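2 protein chains.
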Amino acid sequence: MILSLQKRKVREDNSLFVIEGDKLVREYILAGNRVMLMAGKPEWIDGEPEAVIGGADEVVTVNYEELRRISSLRTPHNVLAVAPMRKAQFSDDSLRGRLTPVLECVQDPGNLGTIIRIAAWFGMGNIICSPDSVDFYNPKVIQATMGAFMHVNVWYRPLEELLGSAAGDGIPVYGTTTDGESVYESDLGTEGIILFGNESKGISAGLLQHVTSRITIPGPSKPVAGLESLNVSMAAAIVCSEFFRRGSRQ
Amino acid sequence: MILSLQKRKVREDNSLFVIEGDKLVREYILAGNRVMLMAGKPEWIDGEPEAVIGGADEVVTVNYEELRRISSLRTPHNVLAVAPMRKAQFSDDSLRGRLTPVLECVQDPGNLGTIIRIAAWFGMGNIICSPDSVDFYNPKVIQATMGAFMHVNVWYRPLEELLGSAAGDGIPVYGTTTDGESVYESDLGTEGIILFGNESKGISAGLLQHVTSRITIPGPSKPVAGLESLNVSMAAAIVCSEFFRRGSRQ
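Protein chains in written order, with this note's numbering: chain F, 685 to 934; chain U, 685 to 934.
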């Protein structure tokens, strides 16, 4: 059962996901969340305070071999927990008065995890992904956030519709492209969508129509082999940092 | 022999390293570099122009199974090459007139690869690592640079000595810490060392003594579980971007 939660469909059918690792499980519960099941080595369970252990509906002790079998990691930690998915309500108002990273078809779990960490760091509490993006509850995404997943709501929405209605509501749509204005020189606001495209294809033509300003991270002045672009998660780090810097000066 | 080049000692004893992947091997040669050996699938070799194939001292055709055996990747590409290490001369003057990222004990190959890509993007052509950092020629580092490794010299030097002599020469040493001045508010120049610490321990006390200004990426206003710090490669992306932005406005 726990192993089957590595599949997106099983996670969604059961509204459950897996959290792995001593620090992650501990912090998740201490932040006020409950888990359904905690499976840990007896010595780890024994060493944790009641505030942690009491956050689980059910606690089972497992040995290293059993942990390895149910873990998504090659080398498991001391504990793993199964938790109900969090359900935050999305409304059109969710885009108002804040900056929201929106990801089109981001495929790599490490990239999504990193972008969640970046967003959380800069106080951006919502991320919206196209339905064909990697799943937020993928164990590799959760791991890569290093705990930041607790601080960000991630929704999956058809982006054509979302961007179309944002544009209609006068909400700016910033698109990160390779042919835009320098992000350092652009007008950046404190409300709007910051759109990032797929790892190899960038933002699709369909979505580019809704972009109200194209922004670019300046790099080599002429094309150089091996330096065609930055990885999407590095681009997100730099662009979100620049939005934050501007916002904090207002 | 090729497989043994996955070991740092063997690489160093032979001054050789491995480049994997169709695009990487092609671009490396087209950028004017020679390789000693090219091992590729016959259909790939047949499809490449003479400008690429001619860049190898020796070309051997291999099948998928053979490639898989000599590759460091789980799923090999169509080609792999063995190349002599590049030797750029380091002198104390190398620090003059430019910004140089310096890494203390960075362990993760993905982090070093990403930092190399960031440095190259912002025109920082040199990186210096402490001797206990991950090896530049580690196949995972080379892969993670996505080709940017061609554009950056990476040296390994005892940092106590390097930073001490830099400080003596009046070269600023910027240290990225969690208790410094906001990177957005700090005085940032166009010459100096930008020091990044180990993934979990940060910059050691010994090296902090040589830091002339501590810089920090502002985040949550109070400590939050799961948001203790940013990953070193994200921090490098943001900090190098900010140095670049300031420099480009002068």
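Because the hints were derived from the structure by calculation, they are not lab data.
Predicted model, so just to flag it, every value in this text is computed and none were measured.
Some hints could be false.
What the hints assert, rightly or not - With a Cα cut of at most 25 Å, we get these calculated PhoX-like pairs of lysine-lysine:
| hint | chain 1 | residue 1 | chain 2 | residue 2 |
| --- | --- | --- | --- | --- |
| 1 | F | Lys885 | U | Lys707 |
| 2 | F | Lys707 | U | Lys885 |
| 3 | F | Lys824 | F | Lys707 |
| 4 | F | Lys885 | U | Lys824 |
| 5 | U | Lys771 | U | Lys691 |
Unchecked claim - Here are a few chain F residues that sit away from chain U, every Cβ distance over 12 Å (derived from the structure):
| hint | residue |
| --- | --- |
| 6 | Lys707 |
| 7 | Glu711 |
| 8 | Arg929 |
| 9 | Arg930 |
By construction, the Cβ of each residue, glycine as well, lies at the ideal position given by its N, Cα and C atoms.
Hints and how they fare:
Straight-line distance between C-alpha atoms of lysine 885 of chain F and lysine 707 of chain U comes to about 16 Å, which keeps the hinted pair within the 25 Å bound. Taking the CA atoms of lysine 707 of chain F and lysine 885 of chain U, the gap is about 16 Å. The hint holds against a cut of 25 Å. Distance restraint check for lysine 824 of chain F and lysine 707 of chain F: the Cα-Cα separation of roughly 16 Å lies within the 25 Å cut-off, and the hinted pair is therefore satisfied. Proximity of lysine 885 of chain F to lysine 824 of chain U is assessed by CA-CA distance (about 24 Å); at most 25 Å being required, the pair is judged to hold.
Distance restraint check for lysine 771 of chain U and lysine 691 of chain U: the Cα-Cα separation of roughly 19 Å lies within the 25 Å cut-off, and the hinted pair is therefore satisfied. Lysine 707 of chain F, annotated as away from the interface, has a beta carbon of chain U within 12 Å; the closest lies near 9 Å. At roughly 4 Å, the least C-beta separation between glutamate 711 of chain F and chain U is not larger than 12 Å, which violates its mark as non-interface. With a least beta-carbon separation of about 5 Å from chain U, arginine 929 of chain F fails to lie farther than 12 Å from that chain, contradicting its non-interface assignment.
Distance to chain U contradicts arginine 930 of chain F as a non-interface residue, since its nearest Cβ pair spans about 9 Å, not more than 12 Å.
The earlier numbered hints that this structure contradicts are 6, 7, 8, 9.
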